[in-house]
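Peer 1: Listed below are the residues making up each chain.
There are 2 protein chains.
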Amino acid sequence: MALVVQKFGGSSVANTERILNVARIITETYQKGNDVVVVLSAQGDTTDDLIAKGKEINPKASKREMDMLLSTGEQISVALCAMAIEAMGFQAVSLTGWQAGVLTDSNYSAARIKRIRAERIQKELDKKKIVLVTGFQGINKYDDVTTLGRGGSDTSAVALAAALHADLCQIYTDVDGVYTADPRHVAGAKKLDEITFDEMLELASLGAQVLHNRSVEMAKRYNVNMEVLSSLSGKPGTKVKEVVKTMEKTHVSGVAKDKNVARVALIGLEDRPGIAFKIFSILAKENVNVDIILQSIGRDESKDISFTVSQDDMGRAKEVMLANQDVIGYKRVEASDQVAKISIVGAGMANNAGVACKMFEALYSAGINIHMISTSEIKVSVLVDERDAENAVQAIHDRFFNEFGAN
Amino acid sequence: MALVVQKFGGSSVANTERILNVARIITETYQKGNDVVVVLSAQGDTTDDLIAKGKEINPKASKREMDMLLSTGEQISVALCAMAIEAMGFQAVSLTGWQAGVLTDSNYSAARIKRIRAERIQKELDKKKIVLVTGFQGINKYDDVTTLGRGGSDTSAVALAAALHADLCQIYTDVDGVYTADPRHVAGAKKLDEITFDEMLELASLGAQVLHNRSVEMAKRYNVNMEVLSSLSGKPGTKVKEVVKTMEKTHVSGVAKDKNVARVALIGLEDRPGIAFKIFSILAKENVNVDIILQSIGRDESKDISFTVSQDDMGRAKEVMLANQDVIGYKRVEASDQVAKISIVGAGMANNAGVACKMFEALYSAGINIHMISTSEIKVSVLVDERDAENAVQAIHDRFFNEFGAN
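Each protein sequence line maps, in turn, to chains A and B.
Sequential numbering from 22 applies to the first sequence in this note's numbering.
Sequential numbering from 22 applies to the second sequence in this note's numbering.
Just chain A, same shape as in the assembly (with noise of 0.2 Å):
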């Protein structure tokens, strides 16, 4: 008998039908002698409808009363769902984020969780009740009702995994699993069975959106064994996990590509010393995340400088560099939001160092030109034309995972 949380997202729930759907999983797991924590999201487009609806009485909403209106979409998600269990004729008690005992900060809109006082969700498991909890919500000091902003129901499952000792956290989803590439735009992309927790986060921030980033690192740090599966294929779905079998090969787990990504140049920077450290921390100051960092020296004496940020961030990083164009001393700026970043992952690339160079092969051999590199201990990343960018992921692919039945 194990514990098993699960959690459901919003289009799992979408519907009266989905509800039936993702009730019939949860009862099977219970059956299988398990205890059950589920943790839903809001159905559908519930918590869009509830955002529009707040801005039109008041475009400039307080974030308190934003998180005490949105809140409301996944307390319903929760007790249709205990109804649709109960229907089944199983006993399944609902609990908001206040009763699960889920304890965040005081950051509305984007709070965090501090601690979870489990006891109630323990009491009802003891009495062999399937527990629903509400995702994406806790409380603060202040008995307030706080969210916990993107991604949250997914980091409620994880944290509620870890607080309960869980053997097991499952994210079902729309998509079955973790794929060595996004499968509706690569051909030949193939489901992982297993990812390490630092693949996936990496996978996660370079642009595969299976799993948000917080629950990943949450999972680490916790040692969660999560599983991301579909609720509607009824397959095995990837494990992630500290340790994977497959991890003494040469092991590249995902080809993943992120288009929100810019590009700022300074071109014609003086050569001295401790510049590069004045960009970055005029940027810091300014709350840009700098990711690719790339420093060349030009033509006349001269050096470039150029990075990448988030094309959110792109306006405001050019305007700060122009404001401090005097203090930095550079010829011109440029920016461009016409490039897309292609990254390898996997665990064991930093033990081979033909890894990086076979992507540059498979790169070369599409005609598909370099801007900036950046590599880390388990991935390698490369910063093309936006325009090149399925090209480069399919070539990257089809040279790992296709041509010789590599990896």
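It is worth saying that the hints were derived from the structure and are not from the lab.
One thing to keep in mind: the hints can contain errors.
Label pairs and their calculated CB-CB ranges [stated by the list, open to error]:
no.: 1; chain 1: B; residue 1: Glu-77; chain 2: A; residue 2: Gly-255; range: 19 to 29 Å
no.: 2; chain 1: A; residue 1: His-186; chain 2: B; residue 2: Arg-138; range: 33 to 43 Å
no.: 3; chain 1: B; residue 1: Asn-128; chain 2: A; residue 2: His-206; range: 55 to 65 Å
no.: 4; chain 1: B; residue 1: Glu-77; chain 2: A; residue 2: Asp-66; range: 11 to 21 Å
no.: 5; chain 1: A; residue 1: Arg-205; chain 2: B; residue 2: Arg-138; range: 46 to 56 Å
no.: 6; chain 1: B; residue 1: Asn-128; chain 2: A; residue 2: Ala-131; range: 30 to 40 Å
no.: 7; chain 1: B; residue 1: Ser-395; chain 2: A; residue 2: Asp-70; range: 46 to 56 Å
no.: 8; chain 1: B; residue 1: Val-311; chain 2: A; residue 2: Asn-36; range: 38 to 48 Å
PhoX-like mimics (lysine-lysine), calculated; alpha carbons at most 25 Å apart, straight line [said to hold, decoys possible]:
no.: 9; chain 1: A; residue 1: Lys-148; chain 2: B; residue 2: Lys-81
no.: 10; chain 1: A; residue 1: Lys-150; chain 2: B; residue 2: Lys-162
no.: 11; chain 1: A; residue 1: Lys-256; chain 2: A; residue 2: Lys-211
no.: 12; chain 1: A; residue 1: Lys-150; chain 2: B; residue 2: Lys-81
no.: 13; chain 1: A; residue 1: Lys-162; chain 2: B; residue 2: Lys-150
no.: 14; chain 1: B; residue 1: Lys-81; chain 2: A; residue 2: Lys-149
no.: 15; chain 1: B; residue 1: Lys-150; chain 2: A; residue 2: Lys-74
no.: 16; chain 1: B; residue 1: Lys-162; chain 2: A; residue 2: Lys-144
no.: 17; chain 1: A; residue 1: Lys-299; chain 2: A; residue 2: Lys-324
no.: 18; chain 1: B; residue 1: Lys-144; chain 2: A; residue 2: Lys-84
no.: 19; chain 1: B; residue 1: Lys-148; chain 2: A; residue 2: Lys-162
no.: 20; chain 1: A; residue 1: Lys-162; chain 2: B; residue 2: Lys-144
no.: 21; chain 1: B; residue 1: Lys-211; chain 2: B; residue 2: Lys-280
no.: 22; chain 1: A; residue 1: Lys-81; chain 2: B; residue 2: Lys-150
no.: 23; chain 1: A; residue 1: Lys-53; chain 2: A; residue 2: Lys-144
no.: 24; chain 1: B; residue 1: Lys-84; chain 2: B; residue 2: Lys-135
no.: 25; chain 1: B; residue 1: Lys-148; chain 2: A; residue 2: Lys-81
no.: 26; chain 1: B; residue 1: Lys-53; chain 2: B; residue 2: Lys-256
no.: 27; chain 1: A; residue 1: Lys-149; chain 2: B; residue 2: Lys-84
no.: 28; chain 1: B; residue 1: Lys-53; chain 2: B; residue 2: Lys-149
no.: 29; chain 1: A; residue 1: Lys-84; chain 2: B; residue 2: Lys-148
no.: 30; chain 1: A; residue 1: Lys-262; chain 2: A; residue 2: Lys-135
no.: 31; chain 1: B; residue 1: Lys-144; chain 2: B; residue 2: Lys-162
no.: 32; chain 1: B; residue 1: Lys-150; chain 2: A; residue 2: Lys-84
no.: 33; chain 1: A; residue 1: Lys-148; chain 2: B; residue 2: Lys-84
no.: 34; chain 1: B; residue 1: Lys-162; chain 2: A; residue 2: Lys-149
Computed from a predicted structure; not experimentally measured.
Glycine residues also receive a C-beta, built at the ideal position from the N, C-alpha and C atoms.
Dock chain B against the given chain A, drawing on the hints supplied.
Peer 2: Relative to chain A, chain B alone:
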């Protein structure tokens, strides 16, 4: 400076425009220097829609989960209204039943308020905030959400007014006060400036449907000054209080009609002691509420007993009587729901024998037959054929309120 509790019903907050209207009423009250606590119902048909959603998934959904589901409706209302008040430049805070400290028993779907822990509300009032509280809901000793059933939000408002020692509890609705008769059906119906709790209780139980009895009973018990008024007209409403100025006069407050009534008659009972006791103890055991009772001597040494019940109970009352025909001993049972109860209510009535007489005279002049009569300190009720109901109300109302400028 006073403390005012204002309650707005579902139609008063049905859409953005109406919520903004309600926010205007609230902020105007606040600007006059009052502390304001607001109780809101769910928007428009929200509660019915949620019930339908639940029943679709499980027609026999547990009441605990149904309460969890339904309580979201009021939470949406208070959050949206708080946003509207913020948009007008005032500080507001919305509170759910548990945040506001509304403690109830565990009778899901029809819970009774046991106590209100008003510390949180008081703290927010001390900060000069307008406080919005979800009507219709509370929590029980298990920290589970309960709802108060029909008339619940009125009851929430009165309970909060009592707990906070409010100076006034205003119930905003879609009619602009208590009338001498239903203004939609009776020509010449007049709005009353004030009415006593007892009169209001009689009118409510007699089908006037302005305030729910539970709230009036509670207001009477804790001596909470109530006012019924319209959220749309802006006119003064009707004050409900312990003693009213006009009380010393012969005073008829209103004429009410109740069509939800049925008559059951037992014909040919033996004329022996204890038989009435037997009949009504059997009915009491079956939880059938009996209203008017008429006992009459029949033609042949036997007697008849008839009584009225609500239409819902008619079938059961008849069944129970048939099942006990031998025990009770009667010839036959008749039942009809083609009847209506017409009542006049007035605090000064007991001291003036002419009032009932005037009522019967009015019915006689209109050619309307009276089946049964029942009187109390402050009311006279008659049972008439349902087809005569409208005419009866009009005739009585004309006689008391319109003919000689009477009353």
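Peer 1: The structure should be examined with respect to each hint, and the outcome stated for every one.
Peer 2: We went through each hint and held it up to the structure:
1. Remark: the range hint 19 to 29 Å for Glu-77 of chain B to Gly-255 of chain A is upheld by a beta-carbon distance near 24 Å.
2. Our hint of 33 to 43 Å for His-186 of chain A and Arg-138 of chain B holds, since their Cβ atoms are close to 34 Å apart.
3. Remark: the range hint 55 to 65 Å for Asn-128 of chain B to His-206 of chain A is upheld by a beta-carbon distance near 56 Å.
4. A C-beta distance of roughly 19 Å is found between Glu-77 of chain B and Asp-66 of chain A, which places it inside the suggested range of 11 to 21 Å.
5. Between Arg-205 of chain A and Arg-138 of chain B the C-beta distance comes to about 53 Å, which sits within the given range of 46 to 56 Å.
6. The given range of 30 to 40 Å is respected by Asn-128 of chain B and Ala-131 of chain A, whose C-beta atoms sit roughly 39 Å from each other.
7. Ser-395 of chain B and Asp-70 of chain A have their C-beta atoms about 52 Å apart, which keeps the hinted 46 to 56 Å range intact.
8. In this structure the hint that Val-311 of chain B and Asn-36 of chain A lie 38 to 48 Å apart at CB holds, the actual value being about 47 Å.
9. Taken as a hint, the Lys-148 of chain A and Lys-81 of chain B pair is honoured in the structure, with Cα atoms around 22 Å apart against an allowance of 25 Å.
10. The straight-line distance between the Cα atoms of Lys-150 of chain A and Lys-162 of chain B is roughly 19 Å, inside the 25 Å bound, and the hint therefore holds.
11. Restraint check: the Cα-Cα separation between Lys-256 of chain A and Lys-211 of chain A comes to about 14 Å, which is no more than 25 Å; the hinted pair holds.
12. Between Lys-150 of chain A and Lys-81 of chain B, the direct Cα distance comes to roughly 18 Å. Compliance with the 25 Å bound is thereby established for this hinted pair.
13. For the given pair, Lys-162 of chain A sits about 19 Å from Lys-150 of chain B by alpha-carbon distance, which is consistent with the 25 Å threshold.
14. Note on Lys-81 of chain B and Lys-149 of chain A: the hinted pairing holds, with a Cα-Cα distance of about 21 Å set against a maximum of 25 Å.
15. With a C-alpha separation of about 23 Å, the suggested pair Lys-150 of chain B and Lys-74 of chain A falls inside the 25 Å cut-off, and the hint holds.
16. A hinted pair counts as satisfied when its Cα atoms are at most 25 Å apart, and Lys-162 of chain B with Lys-144 of chain A qualifies at roughly 15 Å.
17. The straight-line distance between the Cα atoms of Lys-299 of chain A and Lys-324 of chain A is roughly 15 Å, inside the 25 Å bound, and the hint therefore holds.
18. Of the supplied pair hints, the one linking Lys-144 of chain B and Lys-84 of chain A holds, its CA atoms being roughly 20 Å apart against a limit of 25 Å.
19. A threshold of 25 Å between alpha carbons decides the hint, and for Lys-148 of chain B with Lys-162 of chain A the separation of about 18 Å falls inside it, so the pair holds.
20. Annotation: proposed proximity of Lys-162 of chain A to Lys-144 of chain B holds, straight-line Cα distance about 15 Å (limit 25 Å).
21. Simply put, Lys-211 of chain B and Lys-280 of chain B have alpha-carbon atoms about 22 Å apart, close enough for the 25 Å limit, and the pair holds.
22. Restraint check: the Cα-Cα separation between Lys-81 of chain A and Lys-150 of chain B comes to about 18 Å, which is no more than 25 Å; the hinted pair holds.
23. Distance restraint check for Lys-53 of chain A and Lys-144 of chain A: the Cα-Cα separation of roughly 20 Å lies within the 25 Å cut-off, and the hinted pair is therefore satisfied.
24. This hinted pair checks out: Lys-84 of chain B and Lys-135 of chain B have alpha carbons roughly 19 Å apart, not beyond 25 Å.
25. The suggested pairing of Lys-148 of chain B with Lys-81 of chain A holds, with an alpha-carbon distance near 21 Å, which does not exceed 25 Å.
26. Distance check on the hinted pair: Lys-53 of chain B and Lys-256 of chain B sit about 17 Å apart at the alpha-carbon level, within 25 Å; holds.
27. In summary, the hint linking Lys-149 of chain A to Lys-84 of chain B is supported, as the alpha carbons are separated by about 19 Å, within the 25 Å threshold.
28. About 13 Å separates the Cα atoms of Lys-53 of chain B and Lys-149 of chain B, which keeps this hinted pair within 25 Å; it holds.
29. The straight-line distance between the Cα atoms of Lys-84 of chain A and Lys-148 of chain B is roughly 19 Å, inside the 25 Å bound, and the hint therefore holds.
30. Between Lys-262 of chain A and Lys-135 of chain A the alpha-carbon distance is near 23 Å, which keeps this suggested pair within the 25 Å criterion.
31. With a C-alpha separation of about 23 Å, the suggested pair Lys-144 of chain B and Lys-162 of chain B falls inside the 25 Å cut-off, and the hint holds.
32. The straight-line distance between the Cα atoms of Lys-150 of chain B and Lys-84 of chain A is roughly 16 Å, inside the 25 Å bound, and the hint therefore holds.
33. Our distance criterion of 25 Å between C-alpha atoms is met by Lys-148 of chain A and Lys-84 of chain B, whose separation comes to about 19 Å.
34. Between the alpha carbons of Lys-162 of chain B and Lys-149 of chain A the distance comes to roughly 21 Å, so the proposed pair stays at or under 25 Å and holds.
Violation of the numbered hints given earlier is absent; every hint is satisfied by the structure.
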